[in-house]
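Just so you know, the sequences run in chain order A, B, C and D.
For the first sequence, counting from 1, position 8 maps to 8 in full-length UniProt numbering; every step adds exactly one.
For the second sequence, counting from 1, position 85 maps to 85 in full-length UniProt numbering; every step adds exactly one.
For the third sequence, counting from 1, position 147 maps to 147 in full-length UniProt numbering; every step adds exactly one.
For the fourth sequence, counting from 1, position 192 maps to 192 in full-length UniProt numbering; every step adds exactly one.
Hints in this document: simulated from the structure, not taken from any laboratory.
Built from N, CA and C at the ideal position, the CB exists for glycine as well.
Warning: the hint list may mix true and false statements.
To be verified - If you only want the chain D side, here are some residues facing chain B, beta carbon under 8 Å, derived:
| no. | residue |
| --- | --- |
| 1 | Tyr189 |
| 2 | Phe192 |
| 3 | Asp220 |
Stated by the list, open to error - Below, in silico cross-link-like pairs of lysine-lysine (DSSO-like), each with a Cα-Cα straight-line distance of 27 Å or less:
| no. | chain 1 | residue 1 | chain 2 | residue 2 |
| --- | --- | --- | --- | --- |
| 4 | A | Lys379 | C | Lys319 |
| 5 | B | Lys379 | B | Lys160 |
| 6 | C | Lys263 | D | Lys36 |
| 7 | A | Lys379 | C | Lys331 |
| 8 | A | Lys211 | D | Lys7 |
| 9 | D | Lys211 | B | Lys399 |
As the list claims (entries may be wrong) - Among chain A residues calculated to face chain B with C-beta under 7 Å, some are:
| no. | residue |
| --- | --- |
| 10 | Lys36 |
| 11 | Glu58 |
| 12 | Tyr233 |
| 13 | Asp361 |
The chain contents come next:
4 protein chains.
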Amino acid sequence: MAYSAEKLSEEKVFKDPVHRYIHVRDRVIWDLIGTKEFQRLRRIKQLGTTYLTFHGAEHSRFNHSLGVYEIIRRIVDGVFNGRPEWNSDERLLSLCAGLLHDLGHGPFSHSFEKVFDLDHEQFTQEILLGGTEVNQVLAKVASDFPKKVAEVIAKTYKNKLVVSLISSQIDADRMDYLQRDAYYTGVSYGHFDMERILRVMRPREDQVVFKQSGMHAVEDYIMSRYQMYWQVYFHPVTRSAEVVLTKILHRAKDLHEKSYSFKFDPFHFYSLFDGKVTLEDYLRLDEAVFLYYFQIWQDEEDEILSDLCRRFMNRNLFKYIEFDPAKEYKKLHELSSLFVKAGIDPEYYLVVDSSSDLPYDFYRPGEEEERLPIHLQLKNGDIRELSRLSEIVESVSGKRRTDHKLYFPEDMLMDDSVNHNIKQHIRELLEL
Amino acid sequence: MAYSAEKLSEEKVFKDPVHRYIHVRDRVIWDLIGTKEFQRLRRIKQLGTTYLTFHGAEHSRFNHSLGVYEIIRRIVDGVFNGRPEWNSDERLLSLCAGLLHDLGHGPFSHSFEKVFDLDHEQFTQEILLGGTEVNQVLAKVASDFPKKVAEVIAKTYKNKLVVSLISSQIDADRMDYLQRDAYYTGVSYGHFDMERILRVMRPREDQVVFKQSGMHAVEDYIMSRYQMYWQVYFHPVTRSAEVVLTKILHRAKDLHEKSYSFKFDPFHFYSLFDGKVTLEDYLRLDEAVFLYYFQIWQDEEDEILSDLCRRFMNRNLFKYIEFDPAKEYKKLHELSSLFVKAGIDPEYYLVVDSSSDLPYDFYRPGEEEERLPIHLQLKNGDIRELSRLSEIVESVSGKRRTDHKLYFPEDMLMDDSVNHNIKQHIRELLEL
Amino acid sequence: MAYSAEKLSEEKVFKDPVHRYIHVRDRVIWDLIGTKEFQRLRRIKQLGTTYLTFHGAEHSRFNHSLGVYEIIRRIVDGVFNGRPEWNSDERLLSLCAGLLHDLGHGPFSHSFEKVFDLDHEQFTQEILLGGTEVNQVLAKVASDFPKKVAEVIAKTYKNKLVVSLISSQIDADRMDYLQRDAYYTGVSYGHFDMERILRVMRPREDQVVFKQSGMHAVEDYIMSRYQMYWQVYFHPVTRSAEVVLTKILHRAKDLHEKSYSFKFDPFHFYSLFDGKVTLEDYLRLDEAVFLYYFQIWQDEEDEILSDLCRRFMNRNLFKYIEFDPAKEYKKLHELSSLFVKAGIDPEYYLVVDSSSDLPYDFYRPGEEEERLPIHLQLKNGDIRELSRLSEIVESVSGKRRTDHKLYFPEDMLMDDSVNHNIKQHIRELLEL
Amino acid sequence: MAYSAEKLSEEKVFKDPVHRYIHVRDRVIWDLIGTKEFQRLRRIKQLGTTYLTFHGAEHSRFNHSLGVYEIIRRIVDGVFNGRPEWNSDERLLSLCAGLLHDLGHGPFSHSFEKVFDLDHEQFTQEILLGGTEVNQVLAKVASDFPKKVAEVIAKTYKNKLVVSLISSQIDADRMDYLQRDAYYTGVSYGHFDMERILRVMRPREDQVVFKQSGMHAVEDYIMSRYQMYWQVYFHPVTRSAEVVLTKILHRAKDLHEKSYSFKFDPFHFYSLFDGKVTLEDYLRLDEAVFLYYFQIWQDEEDEILSDLCRRFMNRNLFKYIEFDPAKEYKKLHELSSLFVKAGIDPEYYLVVDSSSDLPYDFYRPGEEEERLPIHLQLKNGDIRELSRLSEIVESVSGKRRTDHKLYFPEDMLMDDSVNHNIKQHIRELLEL
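Here chain A stands alone, though its shape is the one from the complex (with noise of 0.2 Å):
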């Protein structure tokens, strides 16, 4: 029998608190959980430092993986099943992507990739076409079989109806986690009917189209989607751990620039700080890794990183005010300037972030970063856009929101024994 069309004996489950269980039949998709590549998602958190805002949030990726792969085979077993317009042949196709969308990602990967300018999408891309476990399997469907999926991952796939299954405005990637966050942080948000979704989809030529019969479950879709980036994502102690953990990447590197020596070798970081990661090098990474050598770097005789370490090991984070980067430049610029009178390094210490989230996005082409819009299909077979139907989604589609925030660490400015003044200017700006 083909590699492709193999079943286990008998089906294997994973209990999963989500959907209740994950059912896997295909051998396929048993061999590419068991490849060292995805088991590695163990050691990756889906949330990033979003546990030390809310304690539940320790579930991995691995864990959020499974859930795509659940949810995109309810899809193209149950609803697309026998359908004309779906192509049963890109099934296992669909499965593997779902599977594997999130291969590459490394480390707290936010903060990770920007002070690293990397890009998980092209370690997903380089696992799944490179000499790793992952390649191996897929190989054993087709010599192309790993670039077909390559391909779904980075939605270049020339059917986008498979594209669409994990990249749109409403897939199975974004259905899970929204479902899987709210139930580890324990948020009420994060609750839609997908039951009620997965019915009312249907197969088109370049999308899945919802059925207009599901449009309020749609709708509420779309408002957990809101309410969790900013009651969860973007929450701003989660920010503030981001801004940390940062910052005390940026030192290392910056330490390693200027040739410090370090008690204690991270050689694990040096491809990293000098730019020059082997996909080797990116796969030995993983979260316990960083908190290993953040643990060691307590001890470093460096104070701003022993300072930072210790901050995040420890949860002793960066306070915030509201700030308007554009409006308050000046004030910006002074509390720079009284943070290095006052022996404080405002580029560890003084840190503007900003975070913005579009809820919903009709389709402008040739923006930048395209957003495949929701697509109803009414009862007479005609399409329209979601939000021409939609008042809630209407209201709220198109519309970038932005907050932005302002971190320092507020116990060194309250510790008044030198610099007593400035520091109580610093305060008053602060208006602490």
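Position chains B, C and D relative to chain A; hints supplied.
Just chains B, C and D now, with coordinates in the frame of chain A:
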């Protein structure tokens, strides 16, 4: 105002998926949560290697410790508050003991303690009484307060009612972990009506008792506990991971004792290997540190160490069969000899593991591990031991159930390239 | 001890699926629940005919009334307790008003009130102030207490803060029914973080306000409300059942007025038909009485009455199409004539039904039905109307959405045995 | 196309709080749901008088019947589908039997059947086989199909595997009602992992068996059942309501037999009183009819009838004490005499009620009420009876537990205005 009576200007809450919110008003509790020893619990998983069986079980002891605190808070500020049998001076002590009871847990405690002959309870005592941030906070309450907290946790405190809140067969610790572990694993066991149990709790001279009207809720709790033990805690795959983990630590220690030269100095382990761990050493240990070493040991030259580490990291665990060591010791001996002949070291690759549980025990004074029985309070005020009134509990009480398994690396036995006949013989004995 | 201050020797609880438990300590509340007027609410469904669309929605107003009481209890004994803006003398009044606010509801209120030109709020007042068991209990508190409770429910009580607890755009009434109706129907809308909303509620001079930090929970509540209205309360099938029900009552009244001789005296209805209902008559009405008559009227000789009753009892409801009465009045006229020709009385069998909702409204003084806006309290103590701070709420506020449908008995139009051509013409107009 | 194979053009769903959705594709099932006999189940509560104890338990048998159908649908279309042991010709038969198994239930069945010596199973048979809409639909499938459905429900059908789906100790009926009743009452019992139980179900020659790997889920189900029986189904307050209800019917029958002249003709009851109920009479009965009569009987001149009706309508039930009829028959006799002397008719006001349950039973051939035991299937294919493998089930199996209570109207005994001394004596005997 006395530090012990200080309240936060506004109540702080932690969003918690199990109890909805954890509420903190006491300054002391807030300060304890902020200590580095308590924050360290974020880096120790509540269920050790269980996440390799139930992927959702990635939650930490930090998580659980807050939960135990919250349950005790609800008991002492709710049902106990104002009752003559309850001395409100014990309130803060109870809260602190609940919060801190797991403070001394090490990474993957179970295997860790076994290999290095350590006891997390001992370290809990040292952290409470030693030169730690936790000790500083507690000592601000009163000079003898750290000692009192330590006594409650060690079950030697004079007021056994306080002790029973965190150490009895139905205490805040167990009520939290059953629910929490069920929540994160996603299993349907672990549910019982805690709300009702809390409502029927009554303080008595030496212990907490339960109004008879709540007996069925208590029965349900006992059954939940029973099911969680056999379905989750003693799951054979989790035990396989524990076996591999134990053998990693075992091998590393052996190599150290044989003066093996590690590619990379495992300096975090030296004091462990030598049996001379200080409190400071101990507090540096967390699961990130362990995973870091397992990562790098994959590249060690010692084949056993590197193989076991690869197995753990990539979840390529041992297989198992049912095995009765009492009856089948000859077979074990024979297998052991065959393993040696096949070039597979049985010390690391042929392991009997036994789990056993006593779902509920009535009091048998003088026994080694005395377990406080559960007492019901009749309408007339009399007290009866639970199993005398509950048929279901009677049926399981005092009955120890044990499960034995034999673990081994099936893949190694399937590879027939060398020692074909010996491996075939082994497979026959194992009925593979 | 004053009756108003009497406590039960032991707290009583009702197991409730929405709030887990309803807690009662006050003797007054316990006595009110035991009155026959309150027990009558067990025989009035919370959602009228909705159970014919959502089979789970069989819960009664008794159910909901306890829930409203419980929410108010949590507010006044929890967050409000001890705050200077809150007068604890209003506590019992608030609890009673919450518990009794729906006391005057009749069977299938909506249709019932329309046909007989009654107002349940009027009857609530009469029950509170008339010669009832409820009045006796309330009068034991103080001679003016029944009047005070009646004023709170009628929104004329001088302390608007108390009024706002049960009659504002985010009150205990709405918070209970959204959650409860979602629970019983099983829909996934209706969830919001009530726990958080309760935590951020603050008493002010004239109303309850909400700390700005809870704005997102309030937004989520508004969206839940919006979805529940359109997905559940205005469901077109439920409205079809209401149409049939209304026409049954209408027909029976007409027949009575035409001195039709009922096979069986509908004596419960005489005072209704004649517009002379006494309080005593009214209290005898419940849904069992109505269903009893619908049952026996199936055998009446009048074909319209018996047909409509059979439709209701056997859930053979009217079908519907989208219909805009403003634009399509000519078509309606034409259809009406055709129905007459086809021998189908359009007064009973051709019905336009319109539903409309204003998801949220800011205050527009002087308007007929003034709806208290929701106010947020900023950190500095200032107050802002919700839609000024929330983009989402702004987008839906003040926008009335209306849905019109035309209802008719499709089966009658399909039966072509007589008036073949006319029915075909009708079907064409209705696009069947 | 054969009617039995007809599918709806689009799947219909019912939103269900327990199973999320009930799915209907078969035309036969859709038509059966639309019959008036099935719609009648909306007017019969699933749990009789339980709503007077647990206010949430207002759900109907309609609700439950859909749930049983859905579970069977999942079994036959899921796990059984395609297995050689399963004859797919039995699919529709199984679905119909599941849907219709409760069709013959009367209003408040328990008391109703007892007083009028009726049997709902008998009426289920008559409805299936008589001149009903249900019979018409079934007969369209095949002329012998109604009889087959009747046989499955009567457990006389030759293929015992089909019978066991709805009538065994772990069947679709019980799995639905345990979960459903727990959901509506809000109790925390009644949860078990049905998903898992369905997954391990296997068809065998004469019955459904369960893979041994699912034994713990089955144990959990048995314990749920046990708890639901004692916490919900046999709740002493519910039984008090049943006692009052039984006595109402009893009294009305007695009065009729004594030619009492009712103010208002209870014509629905005549054939019941006379023991000559026709199917047509029977189908007119529902709980609305009963409640209607209880309402008007409150105004009857007979004091016992009017008092009992007022008690039921206003939930002024009987109180109870523990009572062992075997040991205390002398006391009962004495009480009875004293009641007579006090002017309280003991036939209506002094009632012993006993409830008993056998949590699980292994097979004992030849016994009156044979209950099919639960069988587990070992890995090697062998079959073992559950209690031989499960310690917990063994502990409760075959043990009948009985609870006796003595019910009486406490208020009447407290009113000392007449017969002071006798009532005092009674109170002493009852230990009030």
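Hints, one by one, checked against the model:
| no. | hint | in the structure |
| --- | --- | --- |
| 1 | Tyr189 | holds, 6 Å |
| 2 | Phe192 | holds, 6 Å |
| 3 | Asp220 | holds, 6 Å |
| 4 | Lys379/A with Lys319/C | holds, 17 Å |
| 5 | Lys379/B with Lys160/B | holds, 23 Å |
| 6 | Lys263/C with Lys36/D | holds, 23 Å |
| 7 | Lys379/A with Lys331/C | holds, 23 Å |
| 8 | Lys211/A with Lys7/D | holds, 21 Å |
| 9 | Lys211/D with Lys399/B | holds, 25 Å |
| 10 | Lys36 | holds, 4 Å |
| 11 | Glu58 | holds, 5 Å |
| 12 | Tyr233 | violated, 14 Å |
| 13 | Asp361 | violated, 29 Å |
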